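**Student:** Given the coordinates of chain A, work out where chain D should sit on it, guided by the hints.
Protein chains: 2
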Amino acid sequence: MTSPMTPDELERQIRAVGAERYHDKHPFHRLLHAGQLSKVQVQAWALNRYCYQAAVPRKDAALLSRTSDRDLRRAWVHRLLDHDGTGADEEGGIERWLVLTDGLGLDRAYVTSMVGALPATHFAVEAYVAFVRERSLVEAVASSLTELFAPSIHRERIAGMLENYDFIDEAVMAYFRRRLTQATRDADFALDYVKRHATSRKLQERVIAAVRFKCDVLWAQLDALHHAYVTPGLAPPGAFSPPSGT
Amino acid sequence: MTSPMTPDELERQIRAVGAERYHDKHPFHRLLHAGQLSKVQVQAWALNRYCYQAAVPRKDAALLSRTSDRDLRRAWVHRLLDHDGTGADEEGGIERWLVLTDGLGLDRAYVTSMVGALPATHFAVEAYVAFVRERSLVEAVASSLTELFAPSIHRERIAGMLENYDFIDEAVMAYFRRRLTQATRDADFALDYVKRHATSRKLQERVIAAVRFKCDVLWAQLDALHHAYVTPGLAPPGAFSPPSGT
Numbered sequence: 001m002t003s004p005m006t007p008d009e010l011e012r013q014i015r016a017v018g019a020e021r022y023h024d025k026h027p028f029h030r031l032l033h034a035g036q037l038s039k040v041q042v043q044a045w046a047l048n049r050y051c052y053q054a055a056v057p058r059k060d061a062a063l064l065s066r067t068s069d070r071d072l073r074r075a076w077v078h079r080l081l082d083h084d085g086t087g088a089d090e091e092g093g094i095e096r097w098l099v100l101t102d103g104l105g106l107d108r109a110y111v112t113s114m115v116g117a118l119p120a121t122h123f124a125v126e127a128y129v130a131f132v133r134e135r136s137l138v139e140a141v142a143s144s145l146t147e148l149f150a151p152s153i154h155r156e157r158i159a160g161m162l163e164n165y166d167f168i169d170e171a172v173m174a175y176f177r178r179r180l181t182q183a184t185r186d187a188d189f190a191l192d193y194v195k196r197h198a199t200s201r202k203l204q205e206r207v208i209a210a211v212r213f214k215c216d217v218l219w220a221q222l223d224a225l226h227h228a229y230v231t232p233g234l235a236p237p238g239a240f241s242p243p244s245g246t
Numbered sequence: 001m002t003s004p005m006t007p008d009e010l011e012r013q014i015r016a017v018g019a020e021r022y023h024d025k026h027p028f029h030r031l032l033h034a035g036q037l038s039k040v041q042v043q044a045w046a047l048n049r050y051c052y053q054a055a056v057p058r059k060d061a062a063l064l065s066r067t068s069d070r071d072l073r074r075a076w077v078h079r080l081l082d083h084d085g086t087g088a089d090e091e092g093g094i095e096r097w098l099v100l101t102d103g104l105g106l107d108r109a110y111v112t113s114m115v116g117a118l119p120a121t122h123f124a125v126e127a128y129v130a131f132v133r134e135r136s137l138v139e140a141v142a143s144s145l146t147e148l149f150a151p152s153i154h155r156e157r158i159a160g161m162l163e164n165y166d167f168i169d170e171a172v173m174a175y176f177r178r179r180l181t182q183a184t185r186d187a188d189f190a191l192d193y194v195k196r197h198a199t200s201r202k203l204q205e206r207v208i209a210a211v212r213f214k215c216d217v218l219w220a221q222l223d224a225l226h227h228a229y230v231t232p233g234l235a236p237p238g239a240f241s242p243p244s245g246t
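Chains as they are written, first to last, in our numbering: chain A, 1 to 246; chain D, 1 to 246.
So here's chain A without its partners, still in its complex pose (with noise of 0.2 Å):
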């Protein structure tokens, strides 16, 4: 039986995991940040990636579901709030990125209803919500760890957007730009919680395999569209698709 890591080598090796896999690697990402992408591209990406975003609050809600450590639920029901807002003075997270998919110049009803997006984002999507449905809780704490490594690629994103598409400014990035304090905080919280409670080896392998795993999902999703809508530009039967000429 090998003996647990510290806390501290944990840490260690699950950044290691984002620096090897987290998705700002991606030659999608290169693209898209760098300007290299036609607004149809970038408007696919906004409007697959809104199924995650929408996703993200069922998955939340199913970790509540599990816990009956109330101070767990206190801290992790912001995620919830952050995400579907209030309807009152917050408008949530999900609103933010269709303010996105808007200025965009894509159909409200059209993005919401999700039939344009890749088959492949949705089974990755839902995989996540399985996942943090199915594992166990530490495991399904440490799959949010991904958003230790979110705060530089959304400045890179929010730096990179605005300076190189004249179709995006300020207003369209808002979601980006609330992310960056959002994410640390969430992310803190999920570190130091995994950090506590993975005590035994296998337990703390398995909170890298869950980063590792989510790091896969997010992976997955850049990996179909870059298929559908960059090489060889693929787009399957049914899925959103550039009008012809462009």
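Please keep in mind that the hints were generated in silico from the structure rather than gathered at the bench. Computed from a prediction, not measured in an experiment: that's the story for all the values here. Each hint can be trusted.
DEER-style ranges, computed between Cβ atoms: (1) ARG177/A x VAL99/D: 54 to 64 Å; (2) ALA171/A x ARG58/D: 42 to 52 Å; (3) SER113/A x SER65/D: 25 to 35 Å.
Every residue, glycine too, gets a C-beta built ideally from N, C-alpha and C.
**Tutor:** Below, chain D alone, put in the same frame as chain A:
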């Protein structure tokens, strides 16, 4: 309220889904059957497709677990037995698939561990299992109906692969040879079941959507293979990768 279709019109619409979306139209299959893939690309296909084969008995068991109709269970359990075999005189479809991966020079422990398979493969396969577990029984049955379209792709595959690859012989193609008769028998039963039980317009539309969903599950697996191993050939971190130089 739209009135129901006749059973024959329902069958016609189910077959139309296949004509548009069945994965025999995917460019990866065209390359596979025409002998235009390298051995490493055929290996990638076979080891990813193993994940699908390995999940099929879980999918069929999920369906069996949901029905009190003994006649349906008696008819359906053949699928489980066909796939798992008995271990004695009948080796089963999964074993025949492993004969194929053996013949391709893949290590059996590596294939069955599934660690080299693409995350997108797992996501698509598990979406299929979840669909059968969660949707109505008639939709679960309907999701098998891609078997209606399978015999022609299997005939094409047997002929094309035997002719075009020197690393393929009759022994490794046994899986497909056997499926020619099994798939026809199973598809006839499922089609008859669906035509008798999907009697409202609403259910009929769900049945058609179930066939479309299943086509998406198959198509997404080939999209992922095409992206990772053909064009642009970017296998995600951790996935099976060709030895450098091939």
